[in-house]
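Novice: Place chain B on chain A using the hints.
There are 2 protein chains.
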Amino acid sequence: MANNLLIVVLLVQSSLVAGIDINRVRKQVASYKDVANRIIDLSLNGAAQNQSYNRLATFTDKFGYRLAGSQNLEDAIDYMLEALKMDQLENVHGENAVVPHWVRGDESAVMLKPRVHKLPMLGLGYSVGTGPQGIKAEVIVVKSFDELEKRATEVPGKIVVYNQDYHGYGISVRYRASGAAKAAKHGAVASLIRSVTPLSVDSPHTGMQDYQSGIKKIPTACITVEDAEMMWRMAQRGEQIEVFLNMSAQNLPNKISRNTVAEIKGSLYPEQTVLVSGHLDSWDVGQGAMDDGGGAFISWQALSLVRQLGLRPKRTLRLVLWTAEEFGGVGSQSYFNEHKAEVDTMSLVMESDIGTFTPTGIQFTGNTNATKVMSEVVQLLKQINASNLDTGGEGTDISPWMKAGVPGASLANMNQQYFYWHHTNGDTMTVQDPVAMNLCSAVWAVTAYVVADLDEVLPRDNHIHVRVALH
Amino acid sequence: MANNLLIVVLLVQSSLVAGIDINRVRKQVASYKDVANRIIDLSLNGAAQNQSYNRLATFTDKFGYRLAGSQNLEDAIDYMLEALKMDQLENVHGENAVVPHWVRGDESAVMLKPRVHKLPMLGLGYSVGTGPQGIKAEVIVVKSFDELEKRATEVPGKIVVYNQDYHGYGISVRYRASGAAKAAKHGAVASLIRSVTPLSVDSPHTGMQDYQSGIKKIPTACITVEDAEMMWRMAQRGEQIEVFLNMSAQNLPNKISRNTVAEIKGSLYPEQTVLVSGHLDSWDVGQGAMDDGGGAFISWQALSLVRQLGLRPKRTLRLVLWTAEEFGGVGSQSYFNEHKAEVDTMSLVMESDIGTFTPTGIQFTGNTNATKVMSEVVQLLKQINASNLDTGGEGTDISPWMKAGVPGASLANMNQQYFYWHHTNGDTMTVQDPVAMNLCSAVWAVTAYVVADLDEVLPRDNHIHVRVALH
Chain A
36 MANNLLIVVL LVQSSLVAGI DINRVRKQVA SYKDVANRII DLSLNGAAQN
86 QSYNRLATFT DKFGYRLAGS QNLEDAIDYM LEALKMDQLE NVHGENAVVP
136 HWVRGDESAV MLKPRVHKLP MLGLGYSVGT GPQGIKAEVI VVKSFDELEK
186 RATEVPGKIV VYNQDYHGYG ISVRYRASGA AKAAKHGAVA SLIRSVTPLS
236 VDSPHTGMQD YQSGIKKIPT ACITVEDAEM MWRMAQRGEQ IEVFLNMSAQ
286 NLPNKISRNT VAEIKGSLYP EQTVLVSGHL DSWDVGQGAM DDGGGAFISW
336 QALSLVRQLG LRPKRTLRLV LWTAEEFGGV GSQSYFNEHK AEVDTMSLVM
386 ESDIGTFTPT GIQFTGNTNA TKVMSEVVQL LKQINASNLD TGGEGTDISP
436 WMKAGVPGAS LANMNQQYFY WHHTNGDTMT VQDPVAMNLC SAVWAVTAYV
486 VADLDEVLPR DNHIHVRVAL H
Chain B
36 MANNLLIVVL LVQSSLVAGI DINRVRKQVA SYKDVANRII DLSLNGAAQN
86 QSYNRLATFT DKFGYRLAGS QNLEDAIDYM LEALKMDQLE NVHGENAVVP
136 HWVRGDESAV MLKPRVHKLP MLGLGYSVGT GPQGIKAEVI VVKSFDELEK
186 RATEVPGKIV VYNQDYHGYG ISVRYRASGA AKAAKHGAVA SLIRSVTPLS
236 VDSPHTGMQD YQSGIKKIPT ACITVEDAEM MWRMAQRGEQ IEVFLNMSAQ
286 NLPNKISRNT VAEIKGSLYP EQTVLVSGHL DSWDVGQGAM DDGGGAFISW
336 QALSLVRQLG LRPKRTLRLV LWTAEEFGGV GSQSYFNEHK AEVDTMSLVM
386 ESDIGTFTPT GIQFTGNTNA TKVMSEVVQL LKQINASNLD TGGEGTDISP
436 WMKAGVPGAS LANMNQQYFY WHHTNGDTMT VQDPVAMNLC SAVWAVTAYV
486 VADLDEVLPR DNHIHVRVAL H
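Chains as they are written, first to last, in my numbering: chain A, 36 to 506; chain B, 36 to 506.
No distinction is drawn between identical chains; accordingly, a pair holds when it is met within one copy or between any pair of copies.
Taking lysine-lysine pairs in the BS3-like style, the calculated list, with each CA pair at most 27 Å apart, reads:
1. Lys97 to Lys148
2. Lys97 to Lys171
3. Lys97 to Lys178
4. Lys375 to Lys349
If you're looking for bench data, these hints aren't it; they were derived computationally from the structure.
If we strip away everything but chain A, and leave its shape as in the complex, we get (with noise of 0.2 Å):
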C-alpha cells in the first residue's frame, strides 16, 4: 500500500437512500449459513485448500516484485489475465491507465566519517537521483520536523539525516512522505530517512514520497533504523559526519499499464456490482507477496470459490486488481474516473491491501443501517472466529468510490507485524501463511458473496464521511 496523507470529510449525494427492517435482514442474512459454509469448507478443506497461497507462490516466484511502469508488471497483468481466463471467470480484460513510470537504477551511501561504514539503503519513489558524480556532504541529524526547523540555518549545503522515532506507520510515515522537501527548504543537498518500522535487522525500507512544487527536488532514501541512531548518537556526541550518495534514480515519461478486471455476472441485477480488490503491482523490493499479493490472490479467490460451487448472486462480483498502486492510488483513480457513471450501481467497493495473516473479521464503513446489515453478514463467519466487525474499511484503491459515498470494506487480520516486511526485500512468500489465506479467501468470498446476493443493496445516505486511511 502506498501512502495517502489526506484526511477528508465529504458531504456527498447519493440516490440510494434506504431504512431497513432488522429482523427481515437478520432472518435473510441468516439463510445463507449453508452456503457460508460450504464456501468455508471448500477453501479450508475441499478442494481449494491452499490454492490462493499455491498460486500466489507460483506467481511472485516466477515474476519477483513487479515495479509500475516496468514490463515485468505488463508481463504479470498478461499471465494474470489468462490465469483468471483458465479459471472461468467472466468478462476477464485489461483497462489502460497511464501510470508514472520510476526508475531506481543503482544507489549507494556510504558514511566516510567519523569512520567508512556502508549504509544499506532504497531510494524513494519519484527521487531524482544524484547526478553521476554522486554527492559528498557533510550530515545533520534531526529527531523531528520541529528540530529541522530549530537548526533551520545548519541545513544549507548539508545531507538531513531524521532519526524520527517510531509512533506507529501512520505518523512517522510524514518524514518519509515529505522528509525531502522540507529539509531542501532550508537547502539541504540530500535527505536520508530513517525506515519506517518497529523492528529491523538493518533493513531499509522504500515507499512513495512527495516533492513540494516551487522546491528544489533534492534526492532521498530511506536508511535503516540502526544507521540512522548511530548517526544520531555520533551527532550527539558531537562528531562530524559525512556520507557519500550515490543515486542513479529517474522519473521517465508516462507508461500505460492495466487495470486487470474479471466478473461473475449477476443473474438478476447484473448492473450492480460488488467490487472485490487488490493492487497487482508492488514496490521493486522483495516479491511484493505482502503487499499486495495477498490481497490481490485472495480477491480472485474470492471469485473463484464462488464459480466453484457453481453459485452465481444476483448481483455482478468484480474483481479488479489495481496497477500502480504504489504511485499513490493511480490505476484506481484512473479506473475510478472512467466508471464513476456507476456509483449508484455499486453496492460495496472491497480491497485487502493491509495483510492477509490471519482474519478477525471485517473493516467496514458505511451509514448505521448498512453497518447493521454488515452486522449481520459477518456473524456467518462465526465458525473461523473472523466474526469481527470493525470501522475503518478505507483503503487508496477503493477511496474514490467511498468519497463518492458507496460503503467500503477491508480485511481485518493479526497484522501487527506487517510493518516488519513493508515495502522491504522481506516481503516475499515466507511471510504469507496457506491456512492464513484459505481463512482470508473465505472471509472474502462470503462476504463479498452475501452482499451480491442479498435482496436489497447496502443502504448508503448522503452524509458519510469517509477518513482515507495513512496506508
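Specialist: Same frame as chain A, now just chain B:
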C-alpha cells in the same frame, strides 16, 4: 556466541568439598541486602545510570565489528585496556592468545535460473573461497540431512541448498555447522544454508562451521530464509535452479590476539577468584553490540560498580574479555591452558553471552549445596524482579573451567528475540536498551560481589555434570 556441539558429562576431582549449614548461609547472604541495594541504586538511578550502555555505544560506534585476527580487534583491545585503567581497575593487562585469521573478502551469490535473482548471503567462518572464477552449478534443495542421504546420487557436481525448518537454534544450527561437510561427502561443489533464525527480513546470518577431516572443503554460506524457501518451492515444482557463487574467503596464518584482563584484588583471599566475563571479538557484521558487546560491557560494569562504591570483596573479582570466541572459544581455551593451576581457587566462573535484555536472574550450574547458596544470593535481586535461579549456567568461554569442576553462571534474560539479530548486520546498539543494561549490570555486580565476599567459597564436589550449551 559461537556454536558448540559437544555434550560432555565429566567426572572430575576437586579439592573443595564442603557441606553447608543453610540457615547460616541464609543469614549471611541476607546481611548483604544493604550493599546489594547500594549497587542496584548506583546502577539504576545513581551516577552509573546508563553507563554500561553509553560506554558500549561509544565503543561500538567507534570500532564497529571486531573479527578475530583483524587489526581492528587489536585496536579495540588497546582501547579497552586504556578504558579499564581509566576506570581505576587493577592489574589491567592483555594476555596473548593464538587465534585464527579467516577473512571473508568479496562474496556474492546470484540465482541464474529459473530467473535472475540476487541472493543476499554471508560466507561462514573457516569457509574456503570459490576461486576467482566462482562456481556455477545446478542446485539441489533438501529439507534435512535425511533427505540429503536419500538423494545422495543426485548430489555430485551440484550446490546443495538446505531449507531446514527452524526448530530452535540448538537444533537447527547443526545445518550451518556441518552442512558443508555432509554435502561434500556426496560430491557437492558448494553448500548454501538457510539462515538459522525464527524471523527474517531478508537477513542472512553468518557463523562458524566445521569441515570434517578427510572430506573435501567446499565453499559454504548462509542465504536468507526467504530465498531458501523460494528455491525449495521452485524445486518442488520441478523447475531447474542454477546459482553462481563467488567467494574470495581465505584462511590466513594464525595471529596473536589478547584476552583482556582487569581485577579488583581480594582483601582476605586474593588468590581466590570470581571470574566475570564476556567476549570482545565479534563476527564481521553489524557492531557486535549484542553478541557480545552487551555481555562484555556489563561484565566490565560489574567490577566498575564495585569500584565506584569503594567496595573490596574478600576474594578477587577478575574481569576477562575473551578474544576469538566466535571461532570456537579459542581465546578462552588458551587462557584456561595457561591458568588451569587456578582451578582449585576459582570460586565461580560467570559468562554473559546470551543477551543483555531485561534480566530475570541467574542461570547456574553447580552441585546441590552451591545451588542452595545461589538461591539465597538471587533473593538480593528481588526488588528488580531478577531473582530467578535457573539451570544452564554453561557458556562457550567458561566451559573449560566448568569441565574441571568450577561452578558456572550465566545471565538469565528475556532474550526471546535474540536470534533475530544473531550474527547479522542488525546486531547493533539498536538492540540494546539502557535500562535493561542498568538492570543486567546490577544483577551481574551483586552476584559477583556477594559470591566473592562470602565467608566460604562456593561448594563443589567431585561429581559435576557439565552440559556444554549449544551457543
